[in-house]
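Order-wise, the sequence lines are chains A and B. Under numbering that gives the first Met the number 0, residues 0 to 307 are what the first sequence spells out, in order. Under numbering that gives the first Met the number 0, residues 0 to 254 are what the second sequence spells out, in order.
Calculated directly from the structure, the hints in this document are not laboratory data. Remember, it's a predicted structure, so these values are computed and weren't measured experimentally. Hints are supplied without guarantee of correctness; some may be wrong.
Computed list of lysine to aspartate or glutamate pairs in DMTMM-like fashion (alpha-carbon distance at most 20 Å, straight line) [what the hints assert, rightly or not]:
hint: 1; chain 1: B; residue 1: Lys79; chain 2: A; residue 2: Glu137
hint: 2; chain 1: B; residue 1: Lys177; chain 2: B; residue 2: Glu187
hint: 3; chain 1: B; residue 1: Lys18; chain 2: A; residue 2: Glu137
hint: 4; chain 1: A; residue 1: Lys292; chain 2: A; residue 2: Glu227
hint: 5; chain 1: A; residue 1: Lys229; chain 2: A; residue 2: Asp296
hint: 6; chain 1: B; residue 1: Lys80; chain 2: A; residue 2: Glu164
hint: 7; chain 1: B; residue 1: Lys80; chain 2: A; residue 2: Glu87
hint: 8; chain 1: B; residue 1: Lys79; chain 2: A; residue 2: Glu87
hint: 9; chain 1: A; residue 1: Lys292; chain 2: A; residue 2: Asp206
hint: 10; chain 1: A; residue 1: Lys14; chain 2: B; residue 2: Glu78
hint: 11; chain 1: B; residue 1: Lys79; chain 2: A; residue 2: Asp296
hint: 12; chain 1: A; residue 1: Lys141; chain 2: B; residue 2: Glu78
hint: 13; chain 1: A; residue 1: Lys14; chain 2: B; residue 2: Asp253
hint: 14; chain 1: A; residue 1: Lys76; chain 2: B; residue 2: Asp253
hint: 15; chain 1: B; residue 1: Lys17; chain 2: A; residue 2: Glu137
hint: 16; chain 1: A; residue 1: Lys21; chain 2: B; residue 2: Asp253
hint: 17; chain 1: B; residue 1: Lys80; chain 2: A; residue 2: Glu137
A few chain B residues facing chain A, derived, Cβ under 8 Å [stated by the list, open to error]:
hint: 18; residue: Asn2
hint: 19; residue: Asn9
hint: 20; residue: Ile11
hint: 21; residue: Arg12
hint: 22; residue: Arg16
hint: 23; residue: Lys79
hint: 24; residue: Lys88
hint: 25; residue: Pro89
hint: 26; residue: Val90
hint: 27; residue: Asp253
From chain B, some residues computed to sit far from chain A (all C-beta separations above 10 Å) [to be verified]:
hint: 28; residue: Asp51
hint: 29; residue: Val63
hint: 30; residue: Val176
hint: 31; residue: Lys184
hint: 32; residue: Leu236
hint: 33; residue: Leu254
A virtual CB, placed ideally from N, CA and C, is assigned to each residue, including glycine.
Now for the letters of each chain:
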Amino acid sequence: MASAVSLENIRKTYKSHMLRIKRTAIENLSLDVRENEIFGLLGPNGAGKTTTLKIILGLVAPNSGTGHVLGKPLGSKSARSRIGFLPEQPYFYGFMTAEKALMFYGHLAGLDANTIRKRSEELLNLVGLPQGSHLTLEKYSKGMLQRFGIAQALLNDPDLIIMDEPSSGLDPVGQKEIRDIIISLKDLGKTVFLSSHQLSEVESVCDSVSIINRGTTVRQGYLDDLLEVKGVSLITFAGANERAAEALVPPAKRVREENGRISVEVDSEKIYEIISMGRDLGFELQSVTPFRKSLEDLFIEIVRGEKI
Amino acid sequence: MRNVIFLAINVIRDSFRKKIFYVVFIFGLAMLALSPLLPSFELGLQAQFLRDVSISLTSLFGAVLAVIVAVGQLPVEIEKKTIYNILSKPVSRLQYFAGKFLGVVSTLAIILLVMGIEIIILIYLRLKVFSPIVFEGVLMVFLESCIIASFCYLMTTFASIPVGVLAAIFFYVLCHVKTGYLHGKLIEGVSGAWRVLTWSLYYIIPNLENYNISQQVGYGHGVPGGYTVRVLLYALLFVGLFIFIGYAVFRRKDL
Chain A
0 MASAVSLENI RKTYKSHMLR IKRTAIENLS LDVRENEIFG LLGPNGAGKT TTLKIILGLV
60 APNSGTGHVL GKPLGSKSAR SRIGFLPEQP YFYGFMTAEK ALMFYGHLAG LDANTIRKRS
120 EELLNLVGLP QGSHLTLEKY SKGMLQRFGI AQALLNDPDL IIMDEPSSGL DPVGQKEIRD
180 IIISLKDLGK TVFLSSHQLS EVESVCDSVS IINRGTTVRQ GYLDDLLEVK GVSLITFAGA
240 NERAAEALVP PAKRVREENG RISVEVDSEK IYEIISMGRD LGFELQSVTP FRKSLEDLFI
300 EIVRGEKI
Chain B
0 MRNVIFLAIN VIRDSFRKKI FYVVFIFGLA MLALSPLLPS FELGLQAQFL RDVSISLTSL
60 FGAVLAVIVA VGQLPVEIEK KTIYNILSKP VSRLQYFAGK FLGVVSTLAI ILLVMGIEII
120 ILIYLRLKVF SPIVFEGVLM VFLESCIIAS FCYLMTTFAS IPVGVLAAIF FYVLCHVKTG
180 YLHGKLIEGV SGAWRVLTWS LYYIIPNLEN YNISQQVGYG HGVPGGYTVR VLLYALLFVG
240 LFIFIGYAVF RRKDL
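Taking the hints into account, I'd like the entire structure generated from these sequences.
Right under this line is the structure:
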């Protein structure tokens, strides 16, 4: 599959105005986002996520390194005609209604008035905003603005959609709706590049992720590969409590009680031994699956530089 | 060009909804409206006086509005991040920069046209004298405002709004007093490096006094066509220069 976004050894420094001191925002950053995947860019505050997005969009020029977006060089106008962008906490011209703002952005995206009207109707419906409303954007709530931002990002039917914190300001129902939209975009053959602090959101929708810290890529790959712990399995028992299950350690690595079930982490070669021990203790076997750590565990492990 | 026009129209719409813009605009119109209350002279002198004062006031308000409209573009768009939704679309930085400035200039043109029409109506209502010559003065005010706006626009490519405003005030004053002061210095016969510096400043700094034709408009005879063409080209030269430098800065600016 071809790359939708590729960055190689990108470096970006900013100069402070007064003292001309250089601050490195990104150092030797490389990324590869395949077409038709949902990609998540993760990192703690100040890691360089927003700068990375700006470089992809041509809003900021890197000091060194190369990159391509949809087969075109960084900052290319023709690539931008195939990109939709939702900034973090999007701001729009407050004096416009949703339809007028979509007309304005649609014209800038090179669409004709009839196409914009048709797309506006579809998209306002998709994101759950009222049509024909006289309410101007300055009177919109944060959640409504976020929904409008998604509509304007999808206006030109882009091949690549870049979203910075897409669920910001939305209630749980709204967050679920946005996740569904993101997944439906993939089904339509689009590539989605999202930067988010909501690790559960990323884990539930992304195919691959890149975790950056202090401006450098520290881990990148398919989520399944990154989260699966090779050689470790997870056995789930019912009818047990944590204290009784402690008897399984060792040979089990760790025992945890969740929702009345006992989850046991175990080296894969010891599965049968643990199942047998569990039955002897009167536990009821429920499942045996490859052990997968949560994205939150992986993220914290990487950011803190600690092994969990 | 399509994108430039859409962006310019947006600037016009946005400008006409700003409260500070209306405060200044209405204050300017009120001053013009009150100018008939000034001391009475015989009819001819009254018309002359009204035209002269009205153009002088328009010039002042034109300069203030030029600063307000021009400084309210780039820094505000960058601070509010509205620029991201535009430049992430297939809009080049040149189109954006040109569109915004075209919007600034168009806004000034609309305001000054309205002020010019109002001056003519006021003079007619007060003195029953039709004074289309006022438009000649308004055109000069417009050209002057364009130079000031382009300077402010340039400043805000790298400076904040307060710095841009202060620089614009300094620029306005300097451009009005420079002829007398620097010319005086050159006549005085400064020598060496000071002479080169004085001479350079004399020619580099635009002479906004070129656009002060309130007296000629007051007298009712205006200025010759050749003069209008010369000062029009002079304005284009400086506006072009400021916009060119501004774009050179903006093109490389990290947003």
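**Item:** Hints violated by the structure (listed by number, smallest first)
**Value:** Hints 11, 20 and 33 contradicted; others consistent.
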